[in-house]
Each structure stands twice: as C-alpha cells, then as structure tokens.
Amino acid sequence: MTTRYFGQPIKRNEDPRLLTGQALFTDDVHLPNMLHVAFLRSDYAHAHIRSINVSAAQAIPGVVAIYTADDLGDYWRPGPLLVPPPPVKDLIFNPRMQVPLAKNKVRHVGEPIVVIVAESRYIAEDAAQQIFVDFEPLPAVVDIEKALAPDAPVIHPDLAHNLNAHVIQRKGDYAAIRDQAAVLIKRRFLYDRGTAAAMENRGIVADWDAKNEQLTMWDTTQAPIPIRNGIAAMLGLSERQVRVVAPFIGGGFGPKIMMFYPEEVLLPWISMRLNRPVKWIEDRSENFYATTQERGQVHEAEIALTRDGRVLGIHDLFLHDAGAYAPYGLTVALNSQCTLLGQYDVPHYYSEFKAVFTNKPIVTPYRGAGRQHGVFVMERLLDIAAKELGIDRVEIRRRNLIPPEKFPYNNEIIYQDFAPLIYDSGNYAPALDKALALIDYTNFIQTEQPRLRAEGKLVGLGLVTYVEGTGIGPYEGAKVTIETSGRVSVATGIGTQGQGHYTVFAQVVAEQLGVNVENVRLVTGDTAEFYWGAGTFASRGAVVAGNAIHAAAVKVRQKILKRASEDLEAAEEDLELVDGTVRVKGSPSTAIKLGELAARLNPLRGAVKPGAEPGLEATDYFGPERGATASGVHAMIVEVDPETMQVEIKKYIAVHDCGVVINPMILEGQIQGGVAQGIGNAFYEQLIFDENGQLLNASFMDYLLPTADTVPRVEMDHVETRSPLNPLGIKGAGEAGAIPVGPLFAQAVEDALIGYNIEILEIPLSPNRLFELVLEPQQGS
Amino acid sequence: MDNLHTLSVNVNGVTYTRAVEARLLLSDFLRHELNLTGTHVGCEHGSCGACTILMDDQAVRSCIMFAVQSNGHTLTTIEGLTPDGNMQHLHPLQTAFHEKHGLQCGYCTPGFLMTLLPFLAENPHPSDQEIREAISGNLCRCTGYQNIIEAVKLAAQKKAPRP
Ligand code: FES
Ligand code: FES
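Top line first, the protein sequences correspond to chains D and W. Positions 519 to 1299 (our numbering) are the ones given, in order, by the first sequence. Positions 9 to 171 (our numbering) are the ones given, in order, by the second sequence.
There's no promise every hint is true.
Said to hold, decoys possible - Which bits of chain D does chain W cover? Going by a derived footprint, with three or more residues having C-beta under 8 Å, they are: (1) 544-552; (2) 716-729.
Unchecked claim - If you want a taste of the chain D side facing chain W, the calculated C-beta under 10 Å gives, among others: (3) L609; (4) P613; (5) Q1017; (6) G1098; (7) T1228; (8) V1229; (9) V1232; (10) H1236.
As the list claims (entries may be wrong) - With a straight-line cut-off of 20 Å between C-alpha atoms, the simulated EDC-like cross-links for lysine to aspartate or glutamate are: (11) D:K1168 / W:E107; (12) D:K975 / D:E1161; (13) D:K1077 / D:E1131; (14) D:K529 / W:E107; (15) D:K1168 / W:E41; (16) D:K905 / D:E1277; (17) D:K704 / D:D691; (18) D:K729 / D:E757; (19) D:K975 / D:D1159; (20) D:K664 / D:D710; (21) W:K161 / D:E757; (22) D:K1168 / W:E138; (23) D:K905 / D:E820; (24) D:K1169 / W:E158; (25) W:K161 / D:E1047; (26) D:K1169 / W:D136; (27) D:K529 / W:E138; (28) D:K1168 / D:E923; (29) D:K1168 / W:E158.
In case anyone wonders, no lab produced these hints; they're calculated from the structure. All values reported here derive from a predicted model rather than from experimental measurement. Every residue, glycine too, gets a C-beta built ideally from N, C-alpha and C.
If we strip away everything but chain D, and leave its shape as in the complex, we get (with noise of 0.2 Å):
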C-alpha cells in the first residue's frame, strides 16, 4: 500500500521556524557596514512642488547621502505598466505610472520626495524632519463622481482630464431585452476604499557586491523573479547580475506583488552608488499611505426579469477609482465587471466603466480585486428583486443558477487573463444544498426567526453565491531534485506568504515520489533558485506552481522507474514508490533507496550512457489556457443591538468548491482568514479620506481591523468539481473567504432590521453608518 498525501490534512513543514522566530523575514537581514533609509513623503494630496531645501538635513551628523528627484539623472524615470489592458474593442487607456521621487508635483499624500540615507534609522528620521519643501498646495480630486467634471483639478496635466480608462462590455442585446422585461430594478452602489494591512509591513534590503559586481535584494514581494529582471534592466545589469529574494512574508494579499514601488526602485540604486548595503522598513503609517490600497466604486446598475424571477440581463455601469497613479492596468475593474453575473445564467449583459484618477493612494490588486464590488451588485438586485417578486431569495438565485450541463459556461466577455470569460466547470445546486442545510434555513427563516422576533430581537439571516476566477496564467516552473541523502529540493519561482506552500508542494511531490512530506523541502521565492516565473497573486500560486510541481516530479517519477527497472531487473509497471524508496511490488526487500539510485545516476568515474542526464533531477512548467472558476455559497445569522447597532454574528457557513483539495486544514485556514478580511471589510474597516485627500484614519487605533472577540467560527463544508484546465483538478482558494462578505453583511443586517425598512446598497458598514440608515428618510426607489 503507497501513503496517500495528496488531499489530506498534513502538517505544516514551515511552522517550526516561524513558531520558534528563526524564520527570515526581510527586516531581519542585518548586513555588516549597513545604512538606513527614510523617505520624507508628501503632506498634501496635491500640491506644486517650488522648491526642497536639504541643507540643514545635510548638516546632521550621520547622514550620509539625500536625494530629490534631479539627483537621480536618467534613472528618474516613471515605473513600468505591469498589466496592459485587455483587447476589448474601443477601449480607451490613459496609464499614468508612479515616479520614484516626486517631481515638481506630488499627487497623493504620502508619496515620496526626498530619499534620506544615514548610519541609524533614527537619524534618517532626524533628518528628514529637517527638509523643508515650499508647496503650493492645489484643489484635490477626492470623490469619484466629481473627477471627470468640466472644473476637477487635473491630476495629470498631459491628459488634459482625470479618466484613466473607459472600457465597454456586452453579452447578448440588454437594450433590446429591457422591453421585454417584467420588472426592471435600479439602485445606485457604493463600495469604499479599505487597506489590506498585512501584519508586517513591506521593506527591502539592497547590497550591491562591488568586487563580484553583484547585486543581492531581499524584498517583501510577491513576485521576485519579474522584480529581477525590472531592476536589472533599470540598472542596466544582466539579470545573472540580480539576485531577489523573497523570504518569509508577513501576508501579501496583493499590494506586495505591487512591483516596482518607488522604494523598490530607489534601494539598489542607492546601494551601487554608495558602495553600501542599505536597508529601508516601512512603518505603519507610511504603510497606509504608501502601500497600495483598494475598492472604491460606485455603480448605477439595473437588472431585468420575468415575473417568475428569471433574470434577463444586468445592465452596469460603474466609476472606479484608480488612485493617482494606474501601474496594475485595469485588472481590478475588469475583475468586477467579469464577477458580477456570478453562479447565474443571464442572457443579456451590458457593463460600462470608467476608471479615474484621484488624488489617493494608488489602487492595484487587494484580496478579492474587485470581485466583491461585482458579487454586491448582482446579489443585492437579486435581493431587491426577490423582495418586489414575492419570491423567497434562495429560490430566486436557484432558478437563475447555471445548470452542470451548461459547462464549460461562456460569458462571452474578456477576463482579466485576457482570455475569454468561460467557466471551466461548476455544480452549483448541491452546494447551495449543503449551505441552506447547515444555516438550517427553513427552520430559522419559518420558526426561529418568528419566535426571536416576537422576543424582540432583531435576527437577520444572509445567503448568497459567488464565483471567483483563479489560477490564471501565464505560466510557472520547478525543478525537482532528489539528493543522494534521499532528501528532495523542490525550487520554483513564486514568492509565499503564509499560504502553506512550504507544506502543499511538498504533498504534491510526496504523491508521486513516495516520499514523507517532512523529507520534501521547497526553496522559493529566491531568483538564485530558479530563473522563470511570474508570481503569487490572483489565487493562482497552489494551481500553476503547483501543476508545474507536479510535471517535473512526475518526470523525476519516470526517470526513477527506467533505471531501477534496470538495476532491479523487473520491468517499470512492477514497482511501486514507497518510503524514500523504489521496490518490487510484493516483495518489498527488493529495494533501492531513492537517495542511492541519485548516486548511481552521477558516477565520479567511469563512463555513462550516450544522452544521459545526471541525478534524479526533472525541470517542467505549466501554463493554463485560462483561468479555473472556483465557487461557493455563503450564509449568517446575525443578532443587531438595537440601542448600539452592533451586529453580532451567531453562525456563519462557508460552502466552497475549488476543485479537488491539496490539504484541506491549510484550505480551510484560507477560507476562515478571508472570511475574517470580508467581515473586516464590510463592517469595520474603511479608509475615510476629507475633501483635501487627507486620510483621517492612519493607524490601527482608528481604523478597525477584525479581532479574536469580533470574528466568529467559520462552519464549512466542501463540493468538489474537479478543473478539467489541469492535471491536478484544483482551483485557486486564496480570495475565496473575502468576497461574498459584504453582500452577506447588508442581506442578513437589512432582514435583522426588517421593522426599519432600510435598503443597505453601501459597503463597508458600520454601528454609525447604520445609525444613519435608520434615521434617514427612505428615498424609495
């Protein structure tokens, strides 16, 4: 019998150095002869720059080097587009990119000017309290609905006004449709800003090795290898020359695979020039101004039915704020508009959106990226619709679910992946099954709920589906080793960030090595290691680098097999894999260990066949036409307090389908620390900027995240449709917790508070915001 590792709850491989604190993370890299770095950042949101006086910075003992914008020369440069927009007809695209110091005019608060270089981090911060910048301040464009008006200041004066893109979608015909309609519901939708707040904040060390003509970068990035080949490039370098490594990451969730963030940029080039190791940390203030944030929308959208609840079409278009500098390209907009119909068959579409330029931190990918502002709309009108129908709201989303024969499913648009928009697979129904069975839906909604009511409590119940878009392209690589000490080195390009790669590519090659999972050790994130790869972000790391784990191992399989069908005389269909060692089924004393079959394969002496390639070592990558469709259904029960208008909540259920499961303990952690993001983001957390940009809420003290007493148990269950787009079946899981979060919020708060008669149409929320919703007079629709 061969162990199974593949799908079952193993351990991590990574926890005893984390738990012990030996684990390297970047602000732990302390290098001999090593200088600090501070940036002096802007105070206004937006301002002309006259004029920067660094003389009495200068002037302070220990400070070695400052630099402005005209001190970088040609290096001054703005970053690159890292994602270009997709090929959808009559798309209009304006990119305006981030500079590495601010030049003449700053756009956002918190965008850097001048770079100090000094002995101490202390004295770096000395100094830069000591630079004085004359600005002129200007209007700020703060409001997404006012940026494109005639009088909006202009952010980026070559463009003559605020619109970064403007892209237009359309399945089928909606206007034509529109007549045809029973009912037609129209609501307008806000969805704000938050920030992703991952525990370490991000930071980099550069070491320039002037002798080996070198240069070493730890970074807390998501994506060393194409922040290799960027910085090298910028520099001048050959990529040979660069060597990024991404060590333990304190959380990602997408602003760290932001790459090219001026820091990044500014770091190794200070390095060559001074002939020093530098290092900066950012701190958490310049955390919420200076990492990249996101949501921030507003939509005016109309959906259109049959008297029986059949959705007709959507009708959506939306602004979307890009912040004051677009590098990401248009992936967080286009992931709303591709996530809106969701789980449903609806005929008709028509999306427009126009993305604009404010006077904030600039918005890239932020767990979920954009997902959640498509799921709120749509399972908000289905709500709306289901309440004006008199139809009961699972039966409204059950009769417009697609049905397992339709797949593969085409939604006839452009993903984010610039692949057309095709639902790989899906079985819907059971999952809403299994979720209506765990909230116990007909007895709350038909017993308890009454018997709550009549108390006098306000119980609300929430139910609602989504559907993510994952591991999409273009491609990743390993190479798989096994050491003459039995041991195997798995390398491969994508950075981690808690996900428990450590441990599921190791189940990955366990699986078809027959190796402990414990004997499996993965080096990643670190360019020296392996050379191609794009990173970890759109849940795509356990599906692409995992497939691509899985095809070189298979090949290490096959090598293993040939020569020890050999050495053991019995042909490759007769042995088996197990325990570190290959063998003749049934007779398990005829045995190789794997350790000793590699030793054999690199003989010192002597002569090897004609073709032969050294060791028991296979490299393979793996790129998927598109992107694998994961899916599920979410559902609370939440108790409001009346006099506090704080929600409670008392039970909440998490149903997920992301194809077949790798490990289902680290599956199950993604989806309850998701789960605890989306509940941070619906009702706790929001980035509250005034009219002049100003971000009011800086800190942890004032901007809420989840705590231990405020997230509850996530109930969970699983459905499990394999992908037909990989070998290995899987799906990505990594945003799936967060994105059905905020509609959930607004359906089980509005049933809770039904004497009220509020329509939640807003996310985040709060016991404040609610307060509001309650006094306001109702506008009816």
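Guided by the hints, dock chain W with the ligands onto chain D, whose structure is given.
Quick look at chain W with the ligands alone, frame taken from chain D:
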C-alpha cells in the same frame, strides 16, 4: 548620539550590558542590537501586539518601551521558548499552534505566544470567551483567529488535563 546610557538586562537567561541612546526602542534594541529578530513589529504604536515579550514574566509591548526601561529586568523573547534551539523541543503551546494550524504567515505568532504564556499560567482552563478576550489586543490578518483559539484550548488541555 553622545548621550548614551548603560543598560544591563537579562534576556533569555543571558545578561547583556550595552550603552544605548535614551530614545532607542526596546523592540529595536532586541531586534537590531541583540539580533533577536523573532520579536516582530507590526505597528510601533502599541496596537497590534506583534512585539509582545515578557518582562519579569508579564507580557509587555516592546515597541512602546525604551530599551533603557528594561535596565535591571529579566526579559523573555520567543527565542527563549525553545532554549536549546532544537525544533524538536517546542513548548507545548508552540506544538499546539502547529497541530491546530494556528499560524499562516507566522508574523504575528511570536506576539500571540508571548501574550498567551502568562495568560495560561494565570488561567490554566480558560473558556473560549476568556481566550478571545485575552488575545483581542493581538492582531492577526491571516488566520481569522479561530485556529489560534483551538490551539490555546489544546495547550491548556495537554498541560493540565481536567480531573
Ligand atoms: S509593534 Fe508593538 S504593538 Fe504593534
Ligand atoms: S499568521 Fe499572518 S498575521 Fe497572523
């Protein structure tokens, strides 16, 4: 730079004597002067708990203390939990975090462990609600807390099984 103060502190059983600036944070002192980098910083405002260590067996936040304030005291950091550095000799609370998948990126973990040690010493059989309250001042962005609570329960159970 001229105003240095001599400080003598016992950390994980070793006495260190150093001359430091008055403004040097205890977290920076531990991490960058003593190279005990297992103590992490997430906010430097005292609001996330990542930097929690023990001072004379009480949990304190090292980012809102100056190094000089630790003069004459006894500190324990995460490195002091497995004194021989042998991964096989994890503290029962560390083992419980491993068993219950109580960590993902692991950045917040040392702070949780150091917060929980004195809590469990004082309250060896905590209820769910008591555990939630005990860690409500520690932020974790990855786990959603549930598995941390499970880990604490497991550690409590293992250490002192109820009669
Ligand atoms: S770093 Fe000390 S409490 Fe956050
Ligand atoms: S495990 Fe990542 S912050 Fe807690």
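Which of the listed hints are broken here? Going through the list in order, the structure violates hints 3, 4, 6, 10, 11, 15, 21, 25, 27 and 28 and respects the others.
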